Amino acid sequence: MILTEEEKREAVEKSRKILSRHDSSKGSLIPVLQEVQSALGYVPPDAMQEVAGHFNIPSVDVYGVVTFYNQFRLTPPGKNQVKLCMGTACHMRGAGIIMESWERVLSIKVGETTLDREFSLERVACVGCCTLAPVAVVNETVHGKMTPTKVDGMLFSHRLANPQQKEDKPE
Amino acid sequence: MGDKVKITIDGKEIAAVPGEKILWAALDNGIYIPHLCAGRDDHSPLASCRLCFVEIEGYAHPVPSCTQEVSGGMVITTRSERVDRIIGTGFELIMSNHRTDCRACPRNHSCELQKIARERKLKLKPARLPRLDRDLPVDGSAAKIKYDPNKCVLCGHCIRACREKGAGVLGFARRGFERAVTTFNGSPLGESGCNNCTACALACPVGALALKE
Chain A
1 MILTEEEKRE
11 AVEKSRKILS
21 RHDSSKGSLI
31 PVLQEVQSAL
41 GYVPPDAMQE
51 VAGHFNIPSV
61 DVYGVVTFYN
71 QFRLTPPGKN
81 QVKLCMGTAC
91 HMRGAGIIME
101 SWERVLSIKV
111 GETTLDREFS
121 LERVACVGCC
131 TLAPVAVVNE
141 TVHGKMTPTK
151 VDGMLFSHRL
161 ANPQQKEDKP
171 E
Chain B
1 MGDKVKITID
11 GKEIAAVPGE
21 KILWAALDNG
31 IYIPHLCAGR
41 DDHSPLASCR
51 LCFVEIEGYA
61 HPVPSCTQEV
71 SGGMVITTRS
81 ERVDRIIGTG
91 FELIMSNHRT
101 DCRACPRNHS
111 CELQKIARER
121 KLKLKPARLP
131 RLDRDLPVDG
141 SAAKIKYDPN
151 KCVLCGHCIR
161 ACREKGAGVL
171 GFARRGFERA
181 VTTFNGSPLG
191 ESGCNNCTAC
201 ALACPVGALA
211 LKE
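Residue numbers (my numbering), protein chains in the order written: chain A, 1 to 171; chain B, 1 to 213.
Just so you know, these hints were derived from the structure itself, not from any lab. Check each hint, because a few of them may be wrong.
[Unchecked claim] Simulated crosslink set (DSBU-like; lysine-lysine; CA at most 30 Å straight-line):
#1 A:Lys145 / A:Lys79
#2 B:Lys121 / B:Lys144
#3 A:Lys83 / A:Lys14
#4 A:Lys83 / A:Lys8
#5 B:Lys146 / A:Lys109
#6 B:Lys165 / A:Lys26
[Stated by the list, open to error] Facing chain A, from chain B, some residues (calculated, C-beta under 8 Å):
#7 Ala173
#8 Arg174
#9 Phe184
#10 Leu202
[Stated by the list, open to error] Partner residues are not named here, just some residues of chain A that face chain B (Cβ under 10 Å, in silico):
#11 Gln49
#12 Phe55
#13 Pro58
#14 Ser59
#15 Asp61
#16 Phe68
#17 Tyr69
#18 Met154
#19 His158
All of these numbers come straight from a predicted model, not from anything done at the bench. Idealized CB from N, CA, C, for every residue including glycine.
Whenever a hint applies, use it, and build me the whole structure from the sequences.
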């Protein structure tokens with residue numbers, strides 16, 4: 001994911017502001033990262049470097065913490081957030097296959113965001129409607145009994161409803 | 001250091017420094033205990049490789065010798081049915097996702113895994129578990145070092161060496177099966193600020209990080 005200069009500046013500014021409210025004891029590392037994520041929606045590399053400098057630890061250690069916990073995301077959330085349920089019921093009903101189809105149609109891996117920032121993909125635990133398994137939640141709408149064909153269809157109708165997307169796409 | 005205490009390992013009487021870990025006391029006296037992740041100067045050992053178990057008289061279960069401090073009069077046995085079983089399984093788990101390419105590996109004949117297999121009569125090929133090759137790309141971007149994450153056993157020696165002698169660019173990231181030694185943001189070694197000190201390649205016991213030929 002390539003971030004714009006504007007985004008990088010915002011990341012540094014907001015992280016510095018957050019860091020100014022915290023001491024440099026190691027116990028503050030995760031609370032700081034949580035605040036960065038709630039301010040920016042994700043934890044970009046520039047923010048991680050600021051944080052590492054503040055705590056005087058190697059930046060790779062901050063990267064290690066951010067990648068260890070599922071609660072942190074490394075890429076900015078997309079305009080449309082797709083959450084794939086990986087709970088027990090969905091898992092048994094083929095959630096893995098559904099995840100693969102989303103990954104294939106969007107050309108990203110789970111946890112990432114498409115280059116045009118239209119979609120981001122993430123895995124969640126049970127969303128509470130196991131009778132509809134396998135479930136995908138797009139923004140706030142629950143889509144039950146997902147199939148690979150349904151994934152293709154949802155993306156197709158999204159592209160139809162947002163035709164400007166195609167024109168905007170770089171060559 | 002205070003007065004030495006007497007302990008017994010496999011029937012051999014040994015003088016050890018109080019507070020010293022059993023593993024190092026044994027190794028210093030020519031008694032081999034398998035180990036991968038232990039570092040001599042560790043304040044709080046990772047104890048993650050699960051290969052250095054020993055039996056101590058009076059203890060209900062085998063304990064990792066890299067975390068257990070010696071105390072006077074301890075009677076330790078490095079082999080028992082229980083210990084062999086724990087170490088055998090631990091070794092099999094490690095081997096199930098280590099890319100075994102010994103013939104082409106720069107660590108062939110000086111590999112810690114080969115040594116453990118030889119000492120404990122274990123097989124390099126896991127008998128009960130499937131091979132799970134992670135199939136990650138080999139990083140040859142640094143001038144002097146080649147990194148093959150498929151061979152990594154996550155012992156952490158390279159990270160320690162990188163921080164002591166190098167630029168401190170290596171660290172652990174992600175978790176579970178995805179856990180790996182990597183650089184900040186997963187960037188290739190060549191772009192990570194690595195200063196090619198090669199300390200990691202010399203520290204790696206299994207040839208995951210190796211000197212370029």
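These are the hints, each one checked on the structure:
no.	hint	verdict
1	A:Lys145 / A:Lys79	holds, 24 Å
2	B:Lys121 / B:Lys144	violated, 35 Å
3	A:Lys83 / A:Lys14	holds, 27 Å
4	A:Lys83 / A:Lys8	holds, 26 Å
5	B:Lys146 / A:Lys109	holds, 26 Å
6	B:Lys165 / A:Lys26	holds, 23 Å
7	Ala173	holds, 4 Å
8	Arg174	holds, 5 Å
9	Phe184	holds, 5 Å
10	Leu202	violated, 20 Å
11	Gln49	holds, 8 Å
12	Phe55	violated, 14 Å
13	Pro58	holds, 5 Å
14	Ser59	holds, 5 Å
15	Asp61	holds, 5 Å
16	Phe68	holds, 5 Å
17	Tyr69	holds, 8 Å
18	Met154	violated, 28 Å
19	His158	violated, 30 Å
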